[in-house]
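**Student:** Given next are the chains, with one letter for each unit.
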Amino acid sequence: MESRRRRGRGGGALAFLGAGCLLLLACSVFWGSVLIPFGEFGKFLRGEGMDEAYRKIVVDIRLPRAAAAFWLGGALALSGYLLQTFFHNPIAGPFVLGISSGAKLAVALVMVEVLGRSMTISSGVLIGAAFGGALVSMGVVLLMSRRVDSMALLVISGVMVGYICSAVTDFVVTFADEAEIVNLHNWSRGSFSGMAWGHVRVMAGVLSMAVAAVFFLAKPIGAYELGEEYARSVGVHVEGLRVLLVVLSSVLSACVAAFAGPVSFVGIAVPQMVKRFIGTGSPLWMIPASFLGGSMFCMGCDLIARTVFAPAELGISTVTAVFGAPVVLWVMAGRRLGWS
Amino acid sequence: MVMREYFFRVKGLRAGYGGKAVVEDLEVLLGRGEILSLIGPNGAGKSTVLRSIAGQLGLMGGAVFLDGEVVAKMKGPRRARRMAAVFTKGPRTEMMTCRDVVAMGRYPYTGRFGALSAGDVRVVDEVMELVHVRDLGGADFNRVSDGQRQRVMLARAMCQEPEIVILDEPVTFLDAGYKLEFLSVLQELRRQKGLTVIMSLHELELAKRISDKVLCLRGEYGWSFGTPEEIFVPGAMEEVFGICPGGFHEGGGGMELRRPEGQGDLFVIAGGGTGQSFFRRLQREGRPFVTGIIYDNDLDFPAAGALACEAVTARAFEPVEGRVMDRAKWLMDRCGRVVCSQRAIGSLDLANRELLEYAKGAGKLAAMEEVTGSAGTK
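Quick note, the sequences are listed as chains P and X, same order. Counted the way our numbering counts, the first sequence spans residues 6 to 345. Counted the way our numbering counts, the second sequence spans residues 627 to 1004.
Treat the hints as calculated values from the structure; they're not laboratory data. Quick caveat: nothing in here was measured; it's all calculated off a predicted structure. Hints should not be assumed to be uniformly reliable.
Said to hold, decoys possible - List time: in silico SDA-like cross-link candidates among lysine to any residue, alpha-carbon distance up to 20 angstroms:
{"no.": "1", "chain 1": "X", "residue 1": "Lys819", "chain 2": "X", "residue 2": "Met721"}
{"no.": "2", "chain 1": "P", "residue 1": "Lys224", "chain 2": "X", "residue 2": "Leu742"}
{"no.": "3", "chain 1": "P", "residue 1": "Lys224", "chain 2": "X", "residue 2": "His758"}
{"no.": "4", "chain 1": "P", "residue 1": "Lys224", "chain 2": "X", "residue 2": "Arg704"}
{"no.": "5", "chain 1": "X", "residue 1": "Lys701", "chain 2": "P", "residue 2": "Arg151"}
{"no.": "6", "chain 1": "X", "residue 1": "Lys839", "chain 2": "X", "residue 2": "Gly803"}
{"no.": "7", "chain 1": "X", "residue 1": "Lys699", "chain 2": "P", "residue 2": "Glu244"}
{"no.": "8", "chain 1": "X", "residue 1": "Lys839", "chain 2": "X", "residue 2": "Cys870"}
{"no.": "9", "chain 1": "P", "residue 1": "Lys61", "chain 2": "P", "residue 2": "Leu30"}
{"no.": "10", "chain 1": "X", "residue 1": "Lys805", "chain 2": "X", "residue 2": "Gly880"}
{"no.": "11", "chain 1": "P", "residue 1": "Lys224", "chain 2": "P", "residue 2": "Gly16"}
{"no.": "12", "chain 1": "P", "residue 1": "Lys48", "chain 2": "P", "residue 2": "Gly37"}
{"no.": "13", "chain 1": "P", "residue 1": "Lys224", "chain 2": "X", "residue 2": "Gly861"}
{"no.": "14", "chain 1": "X", "residue 1": "Lys805", "chain 2": "X", "residue 2": "Tyr735"}
{"no.": "15", "chain 1": "P", "residue 1": "Lys224", "chain 2": "X", "residue 2": "Lys955"}
{"no.": "16", "chain 1": "X", "residue 1": "Lys715", "chain 2": "P", "residue 2": "Val153"}
{"no.": "17", "chain 1": "X", "residue 1": "Lys990", "chain 2": "X", "residue 2": "Leu957"}
{"no.": "18", "chain 1": "X", "residue 1": "Lys701", "chain 2": "P", "residue 2": "Glu233"}
{"no.": "19", "chain 1": "P", "residue 1": "Lys224", "chain 2": "X", "residue 2": "Lys839"}
{"no.": "20", "chain 1": "X", "residue 1": "Lys701", "chain 2": "P", "residue 2": "Leu222"}
{"no.": "21", "chain 1": "X", "residue 1": "Lys715", "chain 2": "P", "residue 2": "Lys48"}
{"no.": "22", "chain 1": "P", "residue 1": "Lys224", "chain 2": "X", "residue 2": "Pro703"}
{"no.": "23", "chain 1": "X", "residue 1": "Lys715", "chain 2": "P", "residue 2": "Arg151"}
{"no.": "24", "chain 1": "P", "residue 1": "Lys224", "chain 2": "P", "residue 2": "Gly199"}
{"no.": "25", "chain 1": "X", "residue 1": "Lys699", "chain 2": "P", "residue 2": "His242"}
{"no.": "26", "chain 1": "P", "residue 1": "Lys224", "chain 2": "X", "residue 2": "Gly737"}
{"no.": "27", "chain 1": "X", "residue 1": "Lys699", "chain 2": "P", "residue 2": "Glu234"}
{"no.": "28", "chain 1": "X", "residue 1": "Lys715", "chain 2": "P", "residue 2": "Glu234"}
{"no.": "29", "chain 1": "P", "residue 1": "Lys224", "chain 2": "P", "residue 2": "His242"}
{"no.": "30", "chain 1": "P", "residue 1": "Lys224", "chain 2": "X", "residue 2": "Gly745"}
Could you build all of it, start to finish, from the sequences and the hints given here?
**Tutor:** This is the structure in structure tokens:
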């Protein structure tokens, strides 16, 4: 009966997160520098034709942007969850470990190179570049993790890798062709703006596969959380699982970096909040809940980023940091700091 | 043919890390339901051997057989259904109850997503009962005591329904009560389930009591394997652990600190187990002493041998030979004072009665309080 109660709480939590996403989706569509009148919004929901200007704002700008925030936010949180599991470290995440920054650098290099020749880039190439960059930074962090025992030192080395990548990215962006600077500059700060349906289709395709793969690993991930020795002793192929965790978390964060640039703190903060919210660490619940939690968090933050100082727009990381960083501090303070 | 007779066998094992072996040509044979303890100094390779046996570490040579089957060739889940392990380093969990941790042991039996069937739940319940962790079910695993945590980890291992379980220093960080309880649980499991146990222990006195077989690793590739009687022969532990002579008493499993240096100026008439705590008090104060006459079946005998500059001893249930009495008197003559730890010497212990009279006659007899403490250390 204990497990039934837990299932009840987990199910309720998932329903809440799903409902939150829907609510934020509605708000994102409705709200902005141009308010969509209720009547028009109702028409849209009923599938009747609405005013062309409003329709364009809703369908071409706000919906794809909200959809991108949904997918990419979820991907970031899930990537963070996988990294926290992998390193047995509650404050691991794609951003602090420098993986986002590595992806960003690779994307910047490809963008500048390709745009410099006035060619267009396909989303696939961007994701590929980001994945490559993510894997390289991940490799560096893994090498460091063999050398340093301390979790804190590992995070610090990740932050250093991130700084190096960011510095090189800034350098590249600064010396890029002037015509492209605006675009690149916006992206290198992190933003969900300028998403088209084509982008959303690609990210949805890649991410849904990655998320499904993660979900199918829920069982071994649960065993891995007790430590590698115990995982191996119950029959988990630990080496294979580690490779899968690295690849999947890299794919997830690379996708985000390719489309939205660096987005901080979602990966660290959301799984921690979600874990306390659903009241269990079981991956079967944590995987969907982290994804939905990340989606909700990013949709909310994006809404704030573009409405609070409208028509000026804040960088998405500015907002996610405001809400995410305190969570990280809270997590660190709440634990007996036994992981140093 | 030989292999059939043994449930578990280690054959020519070479184990170590990074291409460097710590143990070579290791041979172990165990019957079903036997308890094997690994003892030996730190760094002798106990953990390495256990990790190699448990499949955590690749073997550098040799093989491990379970029921005639090579363990290294078993697939992960198949091995997990027969062999479970409890490691020294407990897991760091987050938001997991003890029951969650125990239920993880069902891993080799559950389906794609690890959901527990009614049968799995029954096994978890039964095991938690058996290992006495039923009451801990809902408690956060991070908040229970070391002793409880260790039993939870044992319950987790037992959920794999193994035939053999491997434990790396399972009682090292437990207090005396939990140590004994944990080992009692292991004995219970052996009785009820026919469980075979392999574990490393630092507690020699417990290893001697619980083990059917003992593997003693001495470092530098040396090892010996046998029954506790074969391994705990007088002097063996002192040699393996580099303890001074008499420091470890194989019979009782007691240990003594180093004997005080110098020539004894104090003679202790002991016997009947009344002397040992006084010997230790003198040892703490760094005072050398001599003692006698101690019979070789006396409780004071091991401590006297380990701590006294000289202990005059005699065979029990035999008349004390004259030269033994002469030796005791000669030693007493050289001492300034004599103390008797027995309140009243038994009427058949004629030798010690005679010694006491001899001391009184020489005017050397003193009370124990007079010679120890601040008064004793000038």
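**Student:** Next, verify each hint and record whether it holds.
**Tutor:** A quick look at each hint next to the structure:
This hinted pair does not check out: X:Lys819 and X:Met721 have alpha carbons roughly 32 angstroms apart, beyond 20 angstroms. Restraint check: the Cα-Cα separation between P:Lys224 and X:Leu742 comes to about 11 angstroms, which is no more than 20 angstroms; the hinted pair holds. Restraint check for P:Lys224 and X:His758: the C-alpha separation of about 27 angstroms exceeds 20 angstroms, so the hint is violated. Note on P:Lys224 and X:Arg704: the hinted pairing holds, with a Cα-Cα distance of about 17 angstroms set against a maximum of 20 angstroms.
Between X:Lys701 and P:Arg151, the direct Cα distance comes to roughly 28 angstroms. Violation of the 20 angstroms bound is thereby established for this hinted pair. A threshold of 20 angstroms between alpha carbons decides the hint, and for X:Lys839 with X:Gly803 the separation of about 24 angstroms lies outside it, so the pair is violated. A C-alpha spacing of about 17 angstroms is found between X:Lys699 and P:Glu244, which places the hinted pair at or below 20 angstroms, so the restraint holds. In summary, the hint linking X:Lys839 to X:Cys870 is not supported, as the alpha carbons are separated by about 26 angstroms, beyond the 20 angstroms threshold.
Distance check on the hinted pair: P:Lys61 and P:Leu30 sit about 17 angstroms apart at the alpha-carbon level, within 20 angstroms; holds. Taken as a hint, the X:Lys805 and X:Gly880 pair is honoured in the structure, with Cα atoms around 16 angstroms apart against an allowance of 20 angstroms. A hinted pair counts as satisfied when its Cα atoms are at most 20 angstroms apart, and P:Lys224 with P:Gly16 qualifies at roughly 18 angstroms. Our distance criterion of 20 angstroms between C-alpha atoms is met by P:Lys48 and P:Gly37, whose separation comes to about 18 angstroms.
Our distance criterion of 20 angstroms between C-alpha atoms is broken by P:Lys224 and X:Gly861, whose separation comes to about 51 angstroms. Restraint check for X:Lys805 and X:Tyr735: the C-alpha separation of about 31 angstroms exceeds 20 angstroms, so the hint is violated. At most 20 angstroms may separate the alpha-carbon atoms for a hinted pair to count; P:Lys224 and X:Lys955 exceed this at roughly 77 angstroms. With a C-alpha separation of about 18 angstroms, the suggested pairing of X:Lys715 with P:Val153 holds against the 20 angstroms cut-off.
Among the hinted pairs, X:Lys990 with X:Leu957 is consistent with the structure: their alpha-carbon atoms are about 13 angstroms apart, no more than 20 angstroms. A distance of roughly 17 angstroms separates the Cα atoms of X:Lys701 and P:Glu233; the hinted pair therefore holds under the 20 angstroms criterion. Between P:Lys224 and X:Lys839 the CA atoms are separated by roughly 38 angstroms; this puts the pair beyond 20 angstroms, and the hint is violated. For the hint pairing X:Lys701 with P:Leu222, the CA-to-CA distance comes to about 19 angstroms; that is within 20 angstroms, so the pair holds.
A distance of roughly 62 angstroms separates the Cα atoms of X:Lys715 and P:Lys48; the hinted pair therefore is violated under the 20 angstroms criterion. Of the pairs offered as hints, the one joining P:Lys224 and X:Pro703 holds, with about 13 angstroms between alpha carbons and a cut-off of 20 angstroms not exceeded. Distance check on the hinted pair: X:Lys715 and P:Arg151 sit about 18 angstroms apart at the alpha-carbon level, within 20 angstroms; holds. Restraint check: the Cα-Cα separation between P:Lys224 and P:Gly199 comes to about 38 angstroms, which exceeds 20 angstroms; the hinted pair is violated.
Taking the CA atoms of X:Lys699 and P:His242, the gap is near 14 angstroms; set against the 20 angstroms cutoff, the hint holds. Restraint check for P:Lys224 and X:Gly737: the C-alpha separation of about 9 angstroms stays at or below 20 angstroms, so the hint holds. Note on X:Lys699 and P:Glu234: the hinted pairing holds, with a Cα-Cα distance of about 18 angstroms set against a maximum of 20 angstroms. This hinted pair checks out: X:Lys715 and P:Glu234 have alpha carbons roughly 9 angstroms apart, not beyond 20 angstroms.
Simply put, P:Lys224 and P:His242 have alpha-carbon atoms about 12 angstroms apart, close enough for the 20 angstroms limit, and the pair holds. At roughly 18 angstroms between alpha-carbon atoms, P:Lys224 and X:Gly745 fall within 20 angstroms of each other, so this suggested pair holds.
Hint compliance for this structure: hints 1, 3, 5, 6, 8, 13, 14, 15, 19, 21, 24 are not met, and every other hint is.
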